[in-house]
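Participant: If you want the building blocks of each chain, they are given just below.
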Amino acid sequence: MSAPEPRIYAYGIVRSHDGGDLAASVPVHGLHGGAVRALACGRLAALVSDLPPQASAPLDDVWRDPDRIKSLVLEHHRVLHGVVLERTVLPLRFGAVFSDDDGVATALAMHCDALWEALDRVDGAREWGVKIFCDQDVLLSHLSRDTDGVGAGPAQINAPSAGRAFFVRRQMEHRVAQDVRDSIIRRIVESGRLLSAAARTAAALRIQPPAIHGRADEMVCNSAFLVAREQENRFLAVIDALQDTSSRSGFDYELNGPWAPCSFAHFSLGSA
Amino acid sequence: MKVRIGHERNTAIADLLDRALSKGVVLWGEATISLAGVGLIYVGLKVLVASVETMHTMRAVHRADAPLLDERGA
Numbered sequence: 004m005s006a007p008e009p010r011i012y013a014y015g016i017v018r019s020h021d022g023g024d025l026a027a028s029v030p031v032h033g034l035h036g037g038a039v040r041a042l043a044c045g046r047l048a049a050l051v052s053d054l055p056p057q058a059s060a061p062l063d064d065v066w067r068d069p070d071r072i073k074s075l076v077l078e079h080h081r082v083l084h085g086v087v088l089e090r091t092v093l094p095l096r097f098g099a100v101f102s103d104d105d106g107v108a109t110a111l112a113m114h115c116d117a118l119w120e121a122l123d124r125v126d127g128a129r130e131w132g133v134k135i136f137c138d139q140d141v142l143l144s145h146l147s148r149d150t151d152g153v154g155a156g157p158a159q160i161n162a163p164s165a166g167r168a169f170f171v172r173r174q175m176e177h178r179v180a181q182d183v184r185d186s187i188i189r190r191i192v193e194s195g196r197l198l199s200a201a202a203r204t205a206a207a208l209r210i211q212p213p214a215i216h217g218r219a220d221e222m223v224c225n226s227a228f229l230v231a232r233e234q235e236n237r238f239l240a241v242i243d244a245l246q247d248t249s250s251r252s253g254f255d256y257e258l259n260g261p262w263a264p265c266s267f268a269h270f271s272l273g274s275a
Numbered sequence: 005m006k007v008r009i010g011h012e013r014n015t016a017i018a019d020l021l022d023r024a025l026s027k028g029v030v031l032w033g034e035a036t037i038s039l040a041g042v043g044l045i046y047v048g049l050k051v052l053v054a055s056v057e058t059m060h061t062m063r064a065v066h067r068a069d070a071p072l073l074d075e076r077g078a
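Chains A and B supply the protein sequences, listed in that same order. Per this note's numbering, the very first residue in the first sequence carries number 4; after that it's consecutive. Per this note's numbering, the very first residue in the second sequence carries number 5; after that it's consecutive.
Hints are supplied without guarantee of correctness; some may be wrong.
With a cut-off of at most 25 Å between alpha-carbon atoms, the simulated SDA-like pairs for lysine to any residue come out as follows [stated by the list, open to error]: (1) K73/A <-> A16/B; (2) K73/A <-> I17/B; (3) K73/A <-> I210/A; (4) K73/A <-> S26/B.
Derived list of chain A stretches under chain B, where covered just means 3 residues or more per stretch with a C-beta under 8 Å from a C-beta of chain B [said to hold, decoys possible]: (5) 76 to 90; (6) 95 to 103; (7) 208 to 217.
Some chain A residues judged to face chain B by a derived CB distance under 8 Å, without partners named [said to hold, decoys possible]: (8) A108; (9) A110; (10) H114; (11) C115; (12) W119; (13) A121; (14) T248; (15) N259; (16) P261; (17) H269.
These are computed hints drawn from the structure, not numbers from a lab. This one's a predicted model, so the numbers in the text were calculated from it and none came from an experiment. By construction, the Cβ of each residue, glycine as well, lies at the ideal position given by its N, Cα and C atoms.
Next comes chain B alone, as it looks inside the complex (with noise of 0.2 Å):
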């Protein structure tokens, strides 16, 4: 085995997070949870697994994620 399976709890949560909250397709209902709402959700657990100083990083590290990989995902 070489490569490591990520499997350090705070990163499989936020990977977890990140596909469950923002990926996914959003189906809307009659009763659909308003995505709002969603966000803010979202936002709180960032701030439980980050902290609010990486918060900073994040939005650095954001900005300067080029796409560098071929983005044929729809």
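Excised from the complex, chain A in its bound form (with noise of 0.2 Å):
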């Protein structure tokens, strides 16, 4: 085989005077019980740990396990999540397998400035993650009782023919429809625009189905926040206003995080 054997884990990207005192406040173990260290270049240090030699021969094995891949991006997960309720941390996408020590520093030192300004985009930051569902027919019986609009008095549906009243009612159906996507999408709108005020930026992540959820009721937005840690309790406090004003029109949100910055570090930095 002529591809280099994986031996090193990389995890995520410190800044070298960040990681320095690493092994004091993240005692953690990564992939297959390897310690995480710190491994400086320059002005960058890159977290990682060792792969056992028995780990990494059958490592094509291992993406077929879909069970042991789960432990192992929960493992990714753990460290990550380890260094970010301390210090700054710019994450890895799971997967990042180096040779050697020399291999993870030519890595840094080729990348060394985009790798810095990403650093300092998520800089005293963390993720939280909101999700906004929405039970329509709650909202549904919220808008008729607000407006004439929706679910119009059935004077309108006793018109002169059947063809007419037929007509009639599919007109109202699809304004009643159209009134309770105007609802959501308004309030998807308002609230990320009030999430985003306390918050350094916003990113849209993919809606989850049901059988992922759960809920009986619909996933209508699902969004990242990178929010910086001295606005963490502003922007909280906003999420439970936002609750407080909408969950009688049915809408409900859901609170996730905090995660290393993964929705905002979000690019490829090509080999050589």
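Join the two chains into one complex using the hints; note that each chain is given alone, in its own frame.
Facilitator: Here's what the structure looks like:
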């Protein structure tokens, strides 16, 4: 085999002056129990752990085993989570493997400026996820209570002819659906505006299907916010306020985090 | 406490996978595991967490998933 054997797993990048006391504050073990250490190269340090030889040999087999991969991804997350509680970290995507320390150092040196700038963007901030759910039945009854526009009176349905009644009914159903959709969009935009005011930046995430979120209501928005630590209380207060003002109209907010700023470190640095 | 913290197990794992496998910096080294391989794992895990029928939902939702939020994130 000509490909180098993968022996070092990398989790994320920190500033080297941040990585020095890693052992003291984040005594975590990484994939396959390897001790996590900071591998410094100039201004930057990669958080890495050694992969045991037996782990690297059947790596291709590991990739085909979902349970095994899931536990490895959990390890990857656990390390990043431990680090982000204490310091700024630029998370690497799962699967960054190097043949040795020199390989890591070479990659850091090659992309030093880009990594440093990316660290600047997430400096002192953590990622929070916010999902908005909507119970459309509740929203619908809320809309028909509050306005005349939705669920218009039965008088209109008592049109002269059956054909006319059908047409009016279809028109109203269409209008109701449009009103519901407009309300949801307004809620999403307004939430994004208020939450963004307490955040450094925001990113849209993929909506999850019911089989994943397991709720009866519908997920209408899934987003991530990069929030400076000193703004976190304000950010959380905004969500509480949003929940307060919108629960009676069928909306519900779900918070997750804090995460390493994965959604805000979303780019690829190619090899030479 | 008004806003519930999402910690239902499947949801938490899905949130985690979405981040660990599709976000974060891709730093290529001389032995970096091929992303094609990682993509396959992701598909495998998704099938594990979601059932086949919901993959259709996921696709439909994804198509309708307009960028309503200001996407300034890198």
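Participant: Broken hints, numbered, in rising order?
Facilitator: Of the numbered hints, 8, 11, 12, 14, 16 do not hold.
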